[in-house]
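S.K.: Take these sequences, add in the hints, and give me the full structure.
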Amino acid sequence: MAILEDVPGLEVTVRVAGADLPEHDDPHGQEIESAAANSAPAVCKYLECADDAEFHVHIRVHPDYEWGYRNHSLVARTYVDGKRIRGEVMRAVDTQYVPAVRNVLGQEVYSNLSGLWSLRRFKFAVVDTVDEAQKERVASDLKIAKDLGVIEVRFSRIIEFGPSQHYSTNDPKSGGFELTEKSLKGKAISHGTSYTAAERVSHPNFIDARDLVEDAGPIAVFRFLYRSREALKREIIIPRSPTRSPTLETLSPAERDRLARERLDQLRNKVKNEPGRSSFIKREYGEVFDLTDDATPLRPAKLSRLQSGREVIDLTDD
Numbered sequence: 001m002a003i004l005e006d007v008p009g010l011e012v013t014v015r016v017a018g019a020d021l022p023e024h025d026d027p028h029g030q031e032i033e034s035a036a037a038n039s040a041p042a043v044c045k046y047l048e049c050a051d052d053a054e055f056h057v058h059i060r061v062h063p064d065y066e067w068g069y070r071n072h073s074l075v076a077r078t079y080v081d082g083k084r085i086r087g088e089v090m091r092a093v094d095t096q097y098v099p100a101v102r103n104v105l106g107q108e109v110y111s112n113l114s115g116l117w118s119l120r121r122f123k124f125a126v127v128d129t130v131d132e133a134q135k136e137r138v139a140s141d142l143k144i145a146k147d148l149g150v151i152e153v154r155f156s157r158i159i160e161f162g163p164s165q166h167y168s169t170n171d172p173k174s175g176g177f178e179l180t181e182k183s184l185k186g187k188a189i190s191h192g193t194s195y196t197a198a199e200r201v202s203h204p205n206f207i208d209a210r211d212l213v214e215d216a217g218p219i220a221v222f223r224f225l226y227r228s229r230e231a232l233k234r235e236i237i238i239p240r241s242p243t244r245s246p247t248l249e250t251l252s253p254a255e256r257d258r259l260a261r262e263r264l265d266q267l268r269n270k271v272k273n274e275p276g277r278s279s280f281i282k283r284e285y286g287e288v289f290d291l292t293d294d295a296t297p298l299r300p301a302k303l304s305r306l307q308s309g310r311e312v313i314d315l316t317d318d
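full-length UniProt numbering puts the first residue of the sequence shown at 1, with every later residue one more than the last.
A couple of the hints might just be wrong.
30 Å max Cα-Cα, derived DSBU-like pairs, lysine-lysine [unchecked claim]: (1) 187 with 123; (2) 146 with 187; (3) 146 with 135; (4) 135 with 173; (5) 173 with 123; (6) 187 with 173; (7) 143 with 233; (8) 173 with 146; (9) 185 with 123; (10) 185 with 143; (11) 233 with 173; (12) 143 with 83; (13) 83 with 135; (14) 123 with 83; (15) 143 with 187; (16) 185 with 135.
Label-pair distances were calculated between CB atoms; the ranges are [stated by the list, open to error]: (17) 260 with 19: 44 to 52 Å; (18) 39 with 132: 35 to 43 Å; (19) 212 with 52: 34 to 42 Å; (20) 260 with 132: 49 to 57 Å; (21) 146 with 54: 23 to 31 Å; (22) 164 with 5: 28 to 36 Å; (23) 138 with 214: 41 to 49 Å.
Think of the hints as simulated: they come from the structure by calculation, not from any bench. A quick note: this is a predicted structure, and the numbers were derived from the prediction, not measured. The beta-carbon is built from N, C-alpha and C at its ideal position, and this holds for glycine as well.
M.R.: Spelled out as structure tokens, the structure:
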């Protein structure tokens, strides 16, 4: 789980099917690029994602968080691919005995036509690349790729002023992504976030609140970079799979024949170079060689002649 020692009591994970996704540290120790993280304590983790898997952001504030200053509340603002999704508010009373838990499932959308709210859940979507090089297309894709593959949660201390009716919402993107190779600039970005079909939900609650001016921004930032397994290997976040040695089952017939010929040549040379062997061996039709490594001394062969006049060699030990 992602935690910050500088701000105890805060925890964020990304979940699929109710279980936290395993997190990987960045072995390169790169600085977090988020502007919000310039002065705030921050942590960055890599996640392995699967095509079309639905996910949600799981947020916890534990009782050991220090609430004392100015009787403040906390807001956890979630951003996915650079887009603000929503803010979850937590108060001291919520953590008096147990952690305060919030789940950000997706984007809530308001319909001006029906006056109803719906939820479109998060899911991982594959990024396809094209080799197009038109300047306008590359410039447009650069803006999309800048924050693609990033989930970020920013915690801020706030003072509440009461309920609010003011809100804004955007209809989220469906389907996958198609970006130019140049817009990715060599980054191993494999996925972005798409959204499921809408499902009816109740009216969300909104509050009027202000961040503490003296904080000058978030007090903690949790950042997750989600990638496919192959992309994580390319960035050396997880080890590459070892190369498997070929086996007879995986070799082609031509390769097996080549290896058999090479082995036969090796055995012939070994027999030829054994001490006591004649440097010249005359071969006749019907003659058979034992190419094993048997060290049993050679015995004179027994010869018999058939009625046809052909000789038969007895190679038994009797």
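S.K.: Hint by hint, say whether it matches the structure.
M.R.: We went through each hint and held it up to the structure:
no.: 1; hint: 187 with 123; result: holds (21 Å)
no.: 2; hint: 146 with 187; result: holds (10 Å)
no.: 3; hint: 146 with 135; result: holds (17 Å)
no.: 4; hint: 135 with 173; result: holds (24 Å)
no.: 5; hint: 173 with 123; result: holds (11 Å)
no.: 6; hint: 187 with 173; result: holds (22 Å)
no.: 7; hint: 143 with 233; result: holds (25 Å)
no.: 8; hint: 173 with 146; result: holds (16 Å)
no.: 9; hint: 185 with 123; result: holds (24 Å)
no.: 10; hint: 185 with 143; result: holds (12 Å)
no.: 11; hint: 233 with 173; result: holds (28 Å)
no.: 12; hint: 143 with 83; result: holds (12 Å)
no.: 13; hint: 83 with 135; result: holds (25 Å)
no.: 14; hint: 123 with 83; result: holds (15 Å)
no.: 15; hint: 143 with 187; result: holds (14 Å)
no.: 16; hint: 185 with 135; result: holds (14 Å)
no.: 17; hint: 260 with 19: 44 to 52 Å; result: holds (51 Å)
no.: 18; hint: 39 with 132: 35 to 43 Å; result: holds (39 Å)
no.: 19; hint: 212 with 52: 34 to 42 Å; result: holds (40 Å)
no.: 20; hint: 260 with 132: 49 to 57 Å; result: holds (50 Å)
no.: 21; hint: 146 with 54: 23 to 31 Å; result: holds (25 Å)
no.: 22; hint: 164 with 5: 28 to 36 Å; result: holds (35 Å)
no.: 23; hint: 138 with 214: 41 to 49 Å; result: holds (42 Å)
Checked against the numbered hints above, the structure violates none of them.
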